[in-house]
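Take these sequences, add in the hints, and give me the full structure.
Chains A and B are the protein sequences, given in the same order. First residue of the first sequence? That's 1 in the numbering used here, and the numbers climb one at a time after it. First residue of the second sequence? That's 1 in the numbering used here, and the numbers climb one at a time after it.
Just so you know, the hints here were simulated from the structure itself, not pulled from any lab data. Heads up, a few of these hints could be off.
Covered stretches of chain A (chain B as the covering partner; in silico rule of three or more C-beta atoms under 8 Å from a C-beta of chain B) [claimed, not checked]:
#1 69-77
#2 82-92
#3 176-186
#4 281-292
#5 304-315
#6 399-408
Pair by pair, the computed Cβ-Cβ distance ranges are [said to hold, decoys possible]:
#7 Arg-351/A to Thr-373/B: 50 to 58 Å
#8 Ser-226/B to Ser-298/A: 41 to 49 Å
#9 Asn-293/A to Pro-223/B: 34 to 42 Å
#10 Glu-382/A to Gly-69/B: 33 to 41 Å
#11 Lys-239/B to Val-62/A: 17 to 25 Å
#12 Arg-389/B to Gly-70/A: 23 to 31 Å
As the structure is a computational prediction, the values presented were derived from the model and not from experiment. We treat Cβ as the ideally placed atom computed from N, Cα and C, and that holds for glycine.
Number of protein chains: 2
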Amino acid sequence: MAAKLSKGTALIGQSGGPTAVINQSLVGVVEELRAGLVKRGIVKRVYGMRHGVNGLVKGDLVDLTRYPGGTLRRIATTPSAALGSSRDKPDPDYCARILDQCKDLGARYFFYIGGNDSSDTCRIVSELAAGAGYELRCFHVPKTIDNDLMGSDHTPGYPSAARFQALAFMSDSMDNASLPGVKINVVMGRHAGFLTAAAALARGTGKDAARNGPHLIYCPEIPFDSARFLQDVERVYSKLGRCQVAVSEGIQDANHQPIVATLLKFLEKDSHGNIQLSGVGALGDALADHVKNNLKVSGSKLRVRADTFGYLQRCWPDPSPIDSKEARAAGKMAVKHAARGEMSGSIAITRAKGKVYRAEYQLIQLTDVAAKTRHMPEDFFEGHCDVSRKFLDYVRPLVGKLPVMERI
Amino acid sequence: MAAKLSKGTALIGQSGGPTAVINQSLVGVVEELRAGLVKRGIVKRVYGMRHGVNGLVKGDLVDLTRYPGGTLRRIATTPSAALGSSRDKPDPDYCARILDQCKDLGARYFFYIGGNDSSDTCRIVSELAAGAGYELRCFHVPKTIDNDLMGSDHTPGYPSAARFQALAFMSDSMDNASLPGVKINVVMGRHAGFLTAAAALARGTGKDAARNGPHLIYCPEIPFDSARFLQDVERVYSKLGRCQVAVSEGIQDANHQPIVATLLKFLEKDSHGNIQLSGVGALGDALADHVKNNLKVSGSKLRVRADTFGYLQRCWPDPSPIDSKEARAAGKMAVKHAARGEMSGSIAITRAKGKVYRAEYQLIQLTDVAAKTRHMPEDFFEGHCDVSRKFLDYVRPLVGKLPVMERI
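Right, here's the structure in full:
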């Protein structure tokens with residue numbers, strides 16, 4: 001049964017923090033539109049919005065209707081948002097301007113790739129259009145390295161960023177074994193610990209898994225206690241003579257105060273009202289000082305170092321192959337649902353039952369994902385500073401093949 | 001002509017900051033020993049020193065004479081120092097203990113993989129042994145991501161770390177184009193700018209090379225002026241609407257004072273008397289604050305971020321294939337020179353004349369490399385904040401194939 005579809009323009013945009021595979025989703029949307037609705041004469045023009053809805057309201061658009069296919073395929077494998085991204089969080093007035101622009105452009109199809117803030121933009125625009133009686137099909141294509149979208153098994157962008165953590169902690173653990181000491185690595189993730197937890201993959205599955213780092217993992221979901229942290233480090237250090245620590249940038253105390261808040265003099269706020277934690281080495285430095293000043297170790301001077309991985313986590317050009325594939329498919333699925341006549345929704349990746357990993361794609365309601373945050377479930381943790389076997393079984397199939405590291 | 005060689009033990013150690021390929025050199029030495037001097041019955045035992053000469057004086061050794069070949073081959077591809085490394089800088093008393101241990105072990109062959117401090121240890125031990133009339137063949141196998149050893153075209157470890165910079169700046173430049181602003185990345189390198197300079201590879205050679213980052217490159221060899229830095233950033237930002245900056249951790253002012261010294265309250269010294277600059281986000285944060293506080297940009301609030309790449313630079317598990325090959329060969333060459341009857345020396349990689357890149361291996365005197373620092377030659381720079389075409393021609397063949405990134 002062919003759905004009745006209005007002829008019009010299709011808009012596509014990218015929003016929020018870029019990832020290694022967000023351009024796969026962009027190219028997925030464009031390719032599927034061209035292969036379907038454009039070919040059928042329903043969509044006349046495919047416009048990319050420069051820097052998300054910011055480009056839409058400013059009229060900064062790029063025509064992708066006949067953009068060279070070879071270039072598109074190279075864009076798909078390029079990290080970060082090729083159309084440009086945006087941190088704008090549209091208020092009702094802003095959304096009204098978005099809708100006005102859609103009407104002016106004769107847009108009937110609106111695809112927005114992003115995280116929970118972006119799905120909320122999608123929801124508001126969709127509701128405004130419906131309220132105004134203007135037919136606009138609004139679809140959210142999921143993207144976030146934080147893996148914190150409701151309704152999904154995991155989110156495009158996360159597997160590649162998780163792969164980065166595995167590679168980084170694996171190599172850094174070898175470095176830490178070469179020149180022993182306490183090494184603290186600060187990982188992105190304000191509210192959800194999925195990315196920090198992925199560091200556990202670095203231990204591998206071989207004979208050295210029990211002594212490989214990371215030895216301690218701290219996520220925002222479990223209250224961080226500075227005194228207990230020292231005891232944890234001391235316990236590991238006294239056993240192994242070294243200690244590698246994975247810490248989420250968003251760790252909080254029992255009163256839900258960010259640990260970094262008590263340590264940083266200067267806190268900048270971004271336009272979403274979140275505290276800006278990335279690109280700042282202060283949390284790692286402060287934790288390192290805390291260990292240096294308070295940990296009692298007999299013998300030689302304790303070597304303590306901290307790294308804050310920063311933006312490389314979300315753009316490193318070695319994506320998980322599964323992530324690349326799924327991000328492309330998620331973009332295509334959004335277009336397929338629009339072509340079937342659905343009015344709005346968000347694409348969720350779920351995991352097929354069975355021993356072999358396989359992704360399935362569901363259409364869920366925008367209200368089920370918009371502006372909500374998913375956290376690590378309790379059974380993904382083991383104690384207060386480690387992840388469970390269940391989490392490892394969850395994350396391992398996502399990240400692709402990892403190198404094997406050998407010790408003497 | 002077969003040289004007259006004393007029968008005895010061979011010692012092998014790793015020292016200084018680990019690299020992605022230092023284990024290639026270790027395995028090169030061990031394999032070449034086993035294939036030659038061990039087979040010929042001249043070397044009875046091959047001992048690895050745990051944590052360099054520190055393990056030697058403590059008697060912490062590992063027998064590699066018959067260590068499984070398959071394990072060795074996996075160790076070769078594992079980043080960081082498999083024997084453990086050391087930051088010890090032996091004084092005369094320490095070196096006397098090293099010599100005593102060599103005598104006790106009947107060691108006649110001493111191979112030490114490391115940078116300029118390690119070559120100096122090699123030199124002192126060699127001279128002490130000669131002075132004591134004890135026959136000990138001492139060879140230094142070069143290793144440093146800083147690329148600052150005299151007598152070499154480049155040093156094993158540098159090509160892989162340079163590759164990391166290319167990949168990091170390339171991806172981060174795309175991220176910076178997605179969410180425009182000023183992005184400052186702090187790169188390892190206390191005295192020599194080779195590694196920071198390698199960021200220029202990220203621009204690629206295609207149509208976008210002129211607008212791709214990094215847009216500004218600051219190395220320790222050229223005095224850093226904070227006011228001129230602001231002018232540079234403003235010039236780029238006003239033209240491109242963004243600016244990606246590569247800064248060496250060792251940048252200095254005209255009076256040879258580290259820029260970071262004026263910005264950090266707390267400076268830790270490592271046992272070589274060098275200021276500890278890695279693992280500390282303070283330089284990047286301070287430079288970012290400097291730009292935020294002083295750069296006048298019309299329109300919206302300027303977005304400024306800083307990352308300090310930290311230890312991942314020297315251990316990332318994606319080495320340059322040429323680096324892996326050369327590091328292995330450098331280890332083998334040291335053994336070959338010992339087997340030919342040479343008493344001591346350091347392996348230097350030089351570049352064969354001709355259009356196609358090819359490495360050659362020379363034996364140079366320990367005194368030519370020990371405790372000396374090579375800097376970027378003047379003709380590798382272009383102005384005060386860029387590298388020359390000559391530098392790019394020098395570095396490009398070393399790093400292996402790089403991904404191509406595409407823009408809309």
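Taking the hints in turn, this is what the structure says about them:
no., hint, verdict
1, 69-77, "holds (count 4)"
2, 82-92, "holds (count 6)"
3, 176-186, "holds (count 5)"
4, 281-292, "holds (count 6)"
5, 304-315, "holds (count 10)"
6, 399-408, "holds (count 6)"
7, Arg-351/A to Thr-373/B: 50 to 58 Å, "holds (54 Å)"
8, Ser-226/B to Ser-298/A: 41 to 49 Å, "holds (44 Å)"
9, Asn-293/A to Pro-223/B: 34 to 42 Å, "holds (35 Å)"
10, Glu-382/A to Gly-69/B: 33 to 41 Å, "holds (38 Å)"
11, Lys-239/B to Val-62/A: 17 to 25 Å, "holds (21 Å)"
12, Arg-389/B to Gly-70/A: 23 to 31 Å, "holds (29 Å)"
The structure fails none of the hints (numbered hints given earlier).
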